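Asker: Spelled out, the chains give:
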Amino acid sequence: MARYTGFHAPNRTLAIYAAVFAFVLYLPILFIPIFSFNSGVYVKFPLEGFTLQWYVDLFNREPLKAAFWNSVKIAATVSLLSTVIAVPAALAIARYRMPGKAPAVSFMMLPLVLPGLIMGVALLGLLNRLGVTLSLVTVTIGHMVICLPYAISVLLPRFVGFNRSLEEASADLGEPPLRTFWRVTLPCNYPGILACMLMTFTISFDEYFMAFFLSGPKSTLPMYIWGQLRFPQDFPSLLALSTLILLFSFALIFTSLRLSKVGQTAQTGAQK
Amino acid sequence: MISVRNVCKSFGRVQAVQDVSLEIQAGEFFSLLGASGSGKTTLLRMIAGFEAVTSGQILIDGQEMQDLPPHLRPINMVFQNYAIFPHLNVQDNIAYGLQRLGIAKAEQTRMVGEMLEMIALPGYGTRKSSQLSGGQMQRVALARALILKPKVLLLDEPLGALDKQLREQMQLELRGLQQRLGITFILVTHDQEEALTLSDRVAVMANGAVIQVDTPAGLYNRPANRQVAGFVGTMNFFEASLQSDGPSVSAATAGLGRLPLKLDPKRYGKSMLVAIRPEDFTIHASPVKGGVAGRIAARQYLGGRQVLYVEVEGRASPVAVAAPANRTGDPWAGAEGQPVWLTWPADAMTLLDPD
Chain Y
1 MARYTGFHAP NRTLAIYAAV FAFVLYLPIL FIPIFSFNSG VYVKFPLEGF TLQWYVDLFN
61 REPLKAAFWN SVKIAATVSL LSTVIAVPAA LAIARYRMPG KAPAVSFMML PLVLPGLIMG
121 VALLGLLNRL GVTLSLVTVT IGHMVICLPY AISVLLPRFV GFNRSLEEAS ADLGEPPLRT
181 FWRVTLPCNY PGILACMLMT FTISFDEYFM AFFLSGPKST LPMYIWGQLR FPQDFPSLLA
241 LSTLILLFSF ALIFTSLRLS KVGQTAQTGA QK
Chain B
1001 MISVRNVCKS FGRVQAVQDV SLEIQAGEFF SLLGASGSGK TTLLRMIAGF EAVTSGQILI
1061 DGQEMQDLPP HLRPINMVFQ NYAIFPHLNV QDNIAYGLQR LGIAKAEQTR MVGEMLEMIA
1121 LPGYGTRKSS QLSGGQMQRV ALARALILKP KVLLLDEPLG ALDKQLREQM QLELRGLQQR
1181 LGITFILVTH DQEEALTLSD RVAVMANGAV IQVDTPAGLY NRPANRQVAG FVGTMNFFEA
1241 SLQSDGPSVS AATAGLGRLP LKLDPKRYGK SMLVAIRPED FTIHASPVKG GVAGRIAARQ
1301 YLGGRQVLYV EVEGRASPVA VAAPANRTGD PWAGAEGQPV WLTWPADAMT LLDPD
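Chains as they are written, first to last, in the numbering used here: chain Y, 1 to 272; chain B, 1001 to 1355.
Honestly, the hints are just simulated from the structure, not real lab data. None of these values were measured; they are calculated from a predicted model. Do not rely on the hints blindly, as some may be mistaken.
[Claimed, not checked] Residues on chain B that point at chain Y, a partial pick, calculated with CB under 7 Å:
1. LEU1059
2. GLN1066
3. PRO1074
4. PHE1079
5. GLY1097
6. ARG1100
7. PRO1260
For each residue, glycine too, the CB sits at the ideal point set by N, CA and C.
Put together the whole structure using the sequences plus the hints.
Answerer: Rendered as structure tokens:
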């Protein structure tokens, strides 16, 4: 009979399950980097040879560079604006009791689960009606709609967990509300706010549907990728590009998750 | 100096503070004592400005405060969880309130140094706040408030989070600090010992109302009602009905028999409570004249003293009796079950309304 190792001992069955789960989840994604280093044009085994040519090739594509910078510009704007808008909104939700708050908040979170297709069509219809010319600006607006609920859902738990007596202490020591916000609320919550900016940047950078419906002549990086899929000889380059985007997104999301954790432990440490 | 006049506070239908009036003198150490939910913290937060009064006035040196936001009141506070800013180090925490006063950097540094000296943490200026122990955070919170030289310092259960030894040490330090600085301190606590130790005067609160304001000795020796008598120290209550036989008045008491009263009962025939402190009883191992017979049901040994629980006829719960305990020959060791006789002086009895 196996020796009893205690109630909180690691559970081997669960560990194996978790490993299998992660493997199945990431297996398809794993093919992308593997084939991006393959010298053959077609995605098939056996691999032919190791090459970096697809990566080098990326730097010679002017339209790709343009699309990349478009995406960066949009993502940076969306990240900044949606965070600036979401901070007071999340603060208000965390702080104040108001009638109908719960349904109102659920309503604000709705774009999280609405299909991007529907949101895209709806916004396109609206902007057409208003006579707005489609451009990168309209893509930015579309991304804001998607990112705001994400931003609020990242910030809300931070603000709910925020020790309000810190703000009371600031007021007590003579600081008016806005200065208290500047000297206490913002610096104490910067990890959450930074996490929010990284998260929204990633979402906007990778988004396709809104960009597809709302862009004018200029395209974003995901649109460029979709467009290039028609040409089989370009496919390995796309794999290389996708690998880079994957790494970049992973890094951002990982940092963002780490940030929210780091800040939270520092916060509770001060409350003991 | 601080006048609280007919202050009420309601949260929806809940009356948290009901018609409280207090006059607190300059330089006084004043405590608000009560169980949780008694309204003491709400009252303190109204004085600080974190809660608006529903009605009534709060004046400091004759100036109305109740409509001012907290940052405009000449009051500073030590919070229950200290509320030390986690993103600032010790000296920046202490200097926090100086910034908007436009004091020069060098002068700020000098003032912070002085404060660190005062709270006995010299050299701690550059420590991170996360590296402080509970007692140190408490001192930093004090320094951060006192550097602004407030007229009034509010303390919300400041010692609640500390362990017993540190708490007793901090009590002495707080009292010493207050006497040295001469600032008015208003302390909120649920710990009656703390209130008695620290305060010049104590307001006992229950159900949102102040039920007695007195000096610590006054509260202990002359409780105005049953709640105060029960809350401050330990008290034995005996149900009694007052009877008049000729010129004298006596009380038929459950457990203590018929007692002649020297007190001046205003209402004959009424049921009242006779209250006697545990330490006012004398306990005898052999029968004495006028002594009430009983039996030791239990003994609670507390080191330097002990409490004997004596069962007497006619009273459901045993009477708490304090007895000394010392190293040389404790007469009550193993005395459970032993018959005893209780006596007490007539002036040890307090007559109280039963409700």
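Asker: Which numbered hints are broken by the structure, listed smallest first?
Answerer: Result: hints 1, 2, 3 and 7 break, sorted rising.
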